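Between the sequences and the hints, there should be enough to build the whole structure, so can you do that?
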Amino acid sequence: MALEDYREEMERCCRCSACKFIPMDIVDSYEYVTVCPSIARYNFHAYSGGGRLNVALGMLDGRVPYSEEVLNIIYRCQMCGACDISCKYNRDMEPLETLYALRIRAVEEGQLLPDHLAIIEGLRKEDNMVQGLKADRGKWAEGLDVKNISKEKTEVLFHAGCRYSFDQELWPLARAAINLIKKAGIDVGIAGREEVCCGGRAYAMGYEGELIKYAEHNGEIFKQAGAKTLVTCCADGYQAFKVMYDKVGKKLDLQVFHISEYLDLLIKQGNLKPTKKGPMVVTYHDPCHLGRLAESYIHWKGELKIEPDKPILHVPPKKFRRGHEGVYEPPRNILRNIPGLRFVEMKRIKEHAWCCGAGGGVLEAYPDFAIWSALQRIEEAECTGAEAIVTACPWCKKNFSDAIKQNGNRIKVYDLIELLATSTDAELK
Amino acid sequence: MQDKRQELIEIVGDENVYDDPSVLDEYSKDHSFVNRMRPDYVVKPKNTDEVEAIVKWANDTLIPLVPVSSGPPRFRGDTVPSTGGAVIFDLSRMKQVLSVDRRNRVAMIEPGVTFAELIPELKKNGLRANIPFLPRQSKSVIGSMLEREPGIMPKYQWDISDPLACTEVIYGTGDLFRTGSAAGPGTLEEQRTAGAAQKGPAGPGQADFYRLIQGAQGTMGIVTWATLRCELLPSLQEPFVVGSSNLDDLLEFTYWLIRLKLVDECLIQNRCTLATILTMDGNYEPLVHGLPRWLLFFCIAGYEYFPEERVAYQIEQMMDIAKRVALEPGRAIGKVSAYEVLRILGKPAAEPYWKLRRKGSCYEIFFLTTRNKLPEIIHIMQDVANKCGYPVEEMGILLQPVVQATSYHCEFDMFYDPNSPTEVDKAQEFFVDASKVLMANGAFFSRPYGLWADMVYRRDGATATVLKKVKEIFDPKNILNPGKLCF
Amino acid sequence: MTLEKDIYRVFEDIVGSENISDDPAILDSYSYHFSAVLITRNKWMPRPEAVVLPANPIEVQAVVKACNRWRVRFHAMSTGWGPWNSPIKEGLRVIQIDLRRMNKILDIDEKNMYTVVEPYVTSGQLQAELMKRGLCCNIIGAGATTTALPPPKFTGYGQLGTTHSCDNRNLLAVEWVLPTGEILNLGSLGQDAGWFSGDGPGPSLRGVLRGLMGTMGGNGVFTKGAGKVYHWPGPPVLPKKWFSTSYAPESLPRFFKVWSLYFPSWQKLADFGYKIGESEVGYLVFRCTEYFNFHFLAGSNEEYMEMVKDFTPPDKVPGYAVLIAADTESEFNYKEKVVRQIITETDAKNLPLIEDPEVQTKLMWAWVRDGNMLRPIFRPTGNFNSSFGSLDTIDLAINQGRVGARIKKEYIKRKEIMDDGADVGWGIPYEQGHMMHVETVVMGHVSSEGATGLRHYERAADETFLTPSKEFPVCGGTPLGTFGDIQHNRFGPRTSNYHIWLRKLKEAIDPNDASDGSFYITTSIPNPELKDKGKK
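Chains as they are written, first to last, in my numbering: chain E, 5 to 433; chain Y, 9 to 495; chain D, 2 to 537.
Hint data in this document are derived by calculation from the structure and do not stem from the laboratory. Note that the structure is predicted; figures quoted are calculated from it, not measured. Wrong hints could be hidden among the right ones.
Said to hold, decoys possible - Covered by chain E, per the in silico footprint, the following chain D stretches (three or more residues, Cβ under 8 angstroms):
#1 25-36
#2 80-91
#3 99-106
#4 143-152
#5 244-250
#6 368-379
#7 416-430
Claimed, not checked - Some residues of chain Y that are not near chain D, with every Cβ distance over 12 angstroms (derived):
#8 W65
#9 G354
#10 P490
All residues carry an ideal CB built from backbone N, CA and C; glycine is no exception.
Now the structure itself:
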C-alpha cells in the first residue's frame with residue numbers, strides 16, 4: 005500500500021500519547037513505562053509514532069517539505085513496532101504500517117541517508133547487511149561437520165544470518181547452534197557461502213524492493229534444497245522469513261523456526277538436556293523481531309466502511325496483530341531449564357519490550373542513538389539485580405555489548421545459544 | 009457628617025443607622041491586638057438591594073465600609089476599622105434561612121444567620137452542618153465559612169473552602185455577582201426547575217470566584233446570601249475519647265481513622281482546652297488535673313442503612329488500629345464522658361463564650377501545618393511561652409485535622425486577664441514573638457488577621473503583588489475594609 | 002510566519018539547540034489535533050512559531066520572560082492532548098512550551114495524603130506508585146496517559162470521583178510561573194511551609210489559577226503541583242493476565258464487587274445516585290451505559306457491534322457502574338448489603354454479563370485505571386465532542402443527560418452523528434453524591450462532514466443552556482466547553498457577566514498578553530505591539 009492509502013488512519017490519530025508508553029493497564033510503577041526510544045530521546049512529539057503520522061499527513065497535505073529534520077524524524081526510529089502495539093491496544097489502527105510506507109516513500113523519492121545507502125549498496129553487491137564480502141560468508145562454518153545444500157538436499161535448513169556470518173565474535177555461537185541441533189540428533193544443512201541476506205533489515209530502512217528480491221531468491225533456494233524446516237538464529241531473519249515474505253506475497257512453503265523455538269522443542273522432546281549448572285541471575289531481553297513483530301502476518305482484503313452514523317468498520321472484520329503471539333515462552337523455557345540459572349523479568353517484556361536500539365537502520369546511521377537506547381535497557385536490566393542480560397538476537401547482543409563497553413557497566417550480555425551450549429556441553433568455539 | 013448620615017438613612021431607614029458612642033465603641037475594638045479605631049456609623053441593611061446601594065454609596069463617597077456579620081465577642085481584628093471615618097456594615101439583620109434542601113443536602117442562608125439559628129432548621133430536615141469547634145452563639149455561619157474556619161468533621165471537608173458552596177456577592181465596585189453554579193444561566197427559580205440547587209462552588213467558567221471572597225476579610229465583596237453543603241443527621245452515634253501523653257500516637261491513630269473514613273467528628277485537644285469547654289462554674293482545676301495531656305475525640309456514626317452494622321464494622325476497624333498504636337479508646341476519660349463532649353460539640357458554645365470563661369479574654373494563634381510538624385511546633389511554642397513567662401499548662405491547644413487530614417488547623421488559645429496591664433503586655437509580646445517563630449518554622453498563617461498580615465506578606469511578595477491586582481479589580485477604590493491583609 | 006532569527010536564538014540560548022525547533026514537520030506534530038476541524042474548519046490547528054522543551058522551572062521562567070521581552074506569546078502544554086494546546090488562529094505569534102522533560106514525581110507524602118509532581122508525570126504512573134502504598138489518585142476521564150498535575154486539567158472529572166473528588170478540588174499548592182515570568186508559589190508553598198495547601202494567605206489565588214475549567218495555557222505555566230490522594234483498599238500490585246486487548250488483573254481483589262445497573266426511569270436513576278452517595282458505600286460510582294462497558298470489553302469496533310447486536314438492556318435507563326471496595330470482610334458485607342438494599346429500593350437491575358467474574362475484573366480495571374477510554378471515545382469514529390456537564394446536583398446532571406440524549410436523537414436521525422443509542426451520558430456523583438456532572442458525548446467522523454454534525458449538536462446543546470425552558474430544563478452552572486472568547490461572550494451575559502471579570506483578571510495577571518489566551522480568555526484590547534507583529 006502506498007503512503008496515501010494510510011491517510012485515513014493518519015487523520016484518526018487523536019494524539020492520546022499511548023504510542024509513547026506501554027498500555028496503562030499494565031503499568032505498575034513510575035519507572036520503565038515509556039516504550040518508544042525515539043520520543044524518549046528526542047522529546048519532540050514528531051518523534052513518536054503518532055507524531056510521525058502527523059508528519060506523514062503534513063507531507064501528503066503539502067505542508068511539510070523534506071528537510072534534514074524530516075529525515076531525522078523518519079530515520080531516527082528503530083521501527084521496533086512498540087508504538088504500534090500500544091496504539092492498537094485501544095484503537096483499530098496500525099501506525100507501523102504507515103511508518104513503513106513513509107520510509108518506502110522517502111526512499112522512492114530519493115530521500116536517503118548516505119549511511120543507509122552504503123549498506124544497501126553493499127547488500128546489492130555482496131548480499132549482506134554488514135559490508136562483508138560474499139566470498140567470506142561461509143567462513144563461520146569452516147571445519148564444521150555439516151551438510152551444505154549446494155551439494156545435498158536437507159529437510160532442516162539452518163540460516164545463520166548476516167550478523168552471525170560475518171561477525172567473528174559471534175561465529176562460536178552460530179557453530180554452537182549447529183552443534184546443539186546435531187547433538188539432538190537432527191540432520192541439518194546450511195547454505196554456507198551461498199547463503200544470502202533475508203532482506204528484512206533493508207525493508208525496515210525503506211527498501212522494499214530488496215525484501216522482495218531476497219524473498220524470491222530465498223524461496224527458490226530453500227525449495228531447491230528440499231527444506232521443510234528453516235531454522236534461523238537471527239531474529240531479523242526470523243521475522244523476515246515468517247512474516248515479511250508473507251506480507252509481500254512471497255510466503256515461504258516451509259516451517260520457520262527461530263533457534264530458540266527449535267531448541268526449546270528439542271528440550272521438550274528430550275533430545276537436549278541441559279545438565280551443567282550455570283549459577284547466575286539473568287534477565288531476558290525480548291528482541292523486537294522475535295517478539296511483537298514476529299506474529300504471523302494476517303492478510304486482510306476488505307474495505308473500511310465509513311458511514312456518518314456508524315462506527316468505522318472493517319468489512320470483513322480485520323484481525324489485528326497485537327503482538328502477543330511472538331516467540332516469548334521458548335527462550336524463557338530454555339533459561340528455566342538451565343540448572344542453577346535464576347531468571348528474573350524486567351518490567352517491559354514481551355510485546356512491550358524496550359528496543360535494544362539497533363533496528364531500523366539506527367545502528368548504521370545514528371550509532372549514538374543506538375547506544376543510548378541500549379543503555380536505557382541495560383539500566384532496566386541492572387535494576388532487576390541480574391548479573392547478565394540474555395538475548396536471542398545478534399543485533400541486540402552486539403548493541404548491548406558495545407554499549408556496555410562504552411559505558412563501563414558490569415552486567416554481562418549473553419546469547420541464549422551460548423548459555424544452552426555450555427549447559428549441554430555442546431561445543432562453543 | 010449629617011449629610012452622610014441622612015444618605016445612609018435613606019437607604020436603610022433611620023432605625024438602622026447608629027452613631028451612638030456606646031454602639032460605636034463596641035465596634036472599635038475586639039480581643040485582638042489591633043489598634044482601636046472608632047467607626048463613624050454602624051448601618052444594618054436588611055436585603056441585597058440595601059447592601060448594593062450602600063456599596064455604591066461608598067464608591068461615590070469613598071467612605072470605607074467594614075463588613076461584620078457576627079456578634080461579639082470578636083477576636084481577630086478583621087472587623088475593627090483600620091482607618092478613620094469608616095462605616096461598620098453590620099449584616100446581622102439579614103437573618104433568613106432562605107431554603108433547606110434535604111435531597112441535595114444544601115441550605116441557603118443570609119449572612120446574619122448564626123449557627124444557633126441554623127442548626128435547629130437543619131435538624132428539622134434531617135441535616136446538620138459541619139460546624140467549627142464551639143462557635144460562639146452570635147457567630148455568623150456565612151462569616152465562619154468566609155473565614156475558612158475548619159469544621160470538626162474532617163471527613164466531610166474535601167476542599168479547604170467547604171462547606172461554602174455558592175454565593176451572591178456585591179463586589180467593592182457595587183456590582184452584583186453570583187459565584188459557582190448559581191451564576192446562571194437562568195434565574196435561581198429556573199435553575200431549581202432544572203434540578204439545580206446552587207451547590208456547585210466552582211466557576212463560573214475558568215476562575216473560582218468564590219475563592220477570592222473567602223479569606224478576604226470583607227475586602228473583595230459583601231456576601232448577601234450563600235449556600236452551604238450540609239451532611240445527614242446520623243441515626244446512631246458512638247463517640248469515643250482516648251488520651252495519651254504521646255501526641256505522635258494519637259496523630260497516627262487519627263490518620264488512619266480519617267484515611268479509612270471511619271469517623272465523623274474528629275479532633276485532638278490538650279487537657280486545658282477540654283477542661284475549659286467543659287467547665288462553667290470554677291471546676292476547671294480538679295477536672296484538668298485528672299486528664300491526660302492530649303485527648304482525641306471522635307465519633308462513629310450510622311445513618312439510614314443498617315446503622316448498627318455500619319457502626320459495628322467501623323468500631324471493629326477502629327479497635328484494630330487502636331491496638332496497632334497501643335491506645336485504648338473508651339467512652340470516658342476520668343470524669344469526662346465522650347457523650348457529653350459530643351453533645352457540647354454539636355452546637356454553639358454556651359454563654360459565657362468558652363474563650364472568655366477562664367480569665368475574661370483570650371488571644372488566638374492559629375495556622376495550618378502538617379501532622380509531622382505538629383510535635384515540633386508545639387515544642388517551639390512552649391519554648392517561646394517559657395521565654396515570655398506564659399504558663400504553658402494554661403495554654404489551650406486544638407489540633408483539628410482539615411481537608412481530610414492533608415493538614416491540621418493548629419490553634420493555641422492564650423487566656424489572660426484583660427484588666428491586668430502586666431498580662432496584657434505579656435500577651436502582646438508573646439503573640440508577636442510566637443507568631444514570628446512559628447512562621448519561621450513552617451506554620452502557614454493562611455488566615456492572616458491583624459498583625460500577621462504584614463509578617464505573612466513580607467515573606468511572599470509575589471502573592472501580595474497579585475492579590476493587589478485582584479483587589480484593584482473587585483474594589484478599585486479600596487472602600488471595603490481598607491488596611492486589611494496587604495491592601 | 003517565522004520567528005526572527007535573533008529572537009529564535011534567545012530561546013535557543015535558554016533551552017539548548019537540541020530543545021528548540023521551528024521545522025515545519027515538528028510544528029505540524031503540535032498542530033494536528035482531533036476536533037481541530039471543529040475550530041479551524043480544516044484538520045490542522047495553527048502552527049506555533051517554534052517548540053521549546055525546557056528542562057526545569059528556571060528555563061520555563063526564562064522562556065516566559067523572553068516572551069514578555071520580545072513580544073512573543075507562549076502556550077504551555079503537559080501531555081498536549083486536544084486542540085486547546087494550540088493557538089486558536091493564525092497570526093498570534095505563539096511558541097509552544099512542551100513540558101515533557103519535566104516528568105518527575107517529587108514527593109509522595111503518605112502521611113499527609115498528597116503528592117507533588119511535575120507536569121509530564123502521567124496519572125497512570127502516579128496511580129501505580131500510589132497503589133503500592135495503599136493509596137490512589139483520581140484519573141480524569143480522558144485516561145491514564147494524561148497529566149497527574151491538577152492545575153492544567155480540563156475539568157478534572159474522573160470515574161473515581163465519588164471517593165476521589167475532582168481535580169479542580171484536589172489541587173493544593175502549585176509552583177506557578179505567571180504570564181509575566183515571576184514565580185508565584187501558591188498557598189503554603191509561598192510561605193516555605195510545604196505543599197499541603199493551595200489557599201491563602203488571605204483570599205485564595207487558586208481561584209485565579211483555574212476554575213471549573215483549567216485555563217488551557219492562557220494563564221502562565223504550572224511547573225509543579227500538589228494534589229490530594231485517597232485510600233486504596235486493593236492490593237499494592239495487581240498481577241495481570243497478559244493478553245491484548247485485555248490486560249486485566251487475574252481476579253477481582255478480595256472484598257471488591259462490581260455492578261452495572263439499569264433503571265426503570267430517570268427518576269430512579271437519580272434516586273440511586275442520592276442514596277448510594279448518602280450511604281457512603283460506593284468506592285467508584287459513575288454514570289455508565291453499555292456503550293462504555295461494551296467498548297471497554299471489546300477489542301475492536303466490530304467486536305463491539307457484535308456485542309450490541311442482540312443486546313437487550315435489562316431496563317429502560319442505563320445507569321451506574323458501581324464498585325465497592327473494603328479493607329475487611331465485615332466492611333465488605335455491610336457495603337454489599339447496602340448496595341443490594343438500594344438496588345431493591347430503586348428497582349435497579351444488574352447487567353447479566355457482569356455476573357461473569359472475568360467481565361467483572363476487566364470492567365473494574367477499566368473503570369479504576371481508565372486505560373481504555375479511547376475505545377468508546379476515539380475508536381468508533383476518530384473524533385468526538387461533549388456537551389452539558391455543569392457541576393451541581395445529581396438531579397440537574399441526570400436532567401442534562403436526559404436532555405442531551407433527546408437532542409442527540411435529532412442529529413442521529415439526520416445521520417450527522419454516530420448512532421450510539423443517543424444516551425451516552427457519562428458522569429460522576431462526586432464526593433459521595435454531593436455534586437454531579439453528566440456530559441453527553443457524541444461521536445462524529447474526522448472528516449469535515451463529521452465535524453458538521455458535531456458542531457450542530459454542540460450549538461443545539463448550548464442553546465438549551467442559554468434559553469432555559471420547561472421542555473429542556475438544564476441550566477445551572479456553565480457547561481463544559483465554556484472556554485475561549487466566543488463561549489465566554491455567549492455565556493457570560495447570562496451568567497453574572499463573569500466574562501467581564503475574567504477578562505479583567507487576565508488583563509491584570511498578564512499585562513503583556515504573553516500567555517496565549519486562545520482557550521482561556523483574551524484581553525479586550527490586544528497589545529498594539531503584538532498586533533503590529535502579527536501583521537508581518
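Against the structure, the hints:
1. Check result for the region 25-36 of chain D against chain E: holds, 10 residues qualifying (beta carbon to beta carbon below 8 angstroms, three or more required).
2. Check on the region 80-91 of chain D: 4 of its residues sit with their Cβ under 8 angstroms from a Cβ of chain E, so the three-residue criterion for coverage holds.
3. Coverage of a stretch by a chain is defined here by at least three residues with a beta carbon nearer than 8 angstroms to that chain's beta carbons; for the region 99-106 of chain D and chain E the count is 4, and the condition holds.
4. Interface restraint, the region 143-152 of chain D with chain E: holds (4 residues with C-beta to C-beta distance below 8 angstroms; minimum three).
5. Coverage of a stretch by a chain is defined here by at least three residues with a beta carbon nearer than 8 angstroms to that chain's beta carbons; for the region 244-250 of chain D and chain E the count is 5, and the condition holds.
6. Counting residues of the region 368-379 of chain D whose beta carbon lies closer than 8 angstroms to any beta carbon of chain E gives 7, which reaches the threshold of three, so the coverage claim holds.
7. Interface restraint, the region 416-430 of chain D with chain E: holds (5 residues with C-beta to C-beta distance below 8 angstroms; minimum three).
8. A cut-off of 12 angstroms between C-beta atoms confirms that Y/W65 is not in contact with chain D; the least separation is 22 angstroms.
9. For Y/G354, the non-interface assignment is confirmed: its Cβ lies about 19 angstroms from the closest Cβ of chain D, beyond the 12 angstroms cut-off.
10. For Y/P490, the condition that its CB be more than 12 angstroms from all CB atoms of chain D holds, with the nearest at approximately 14 angstroms.
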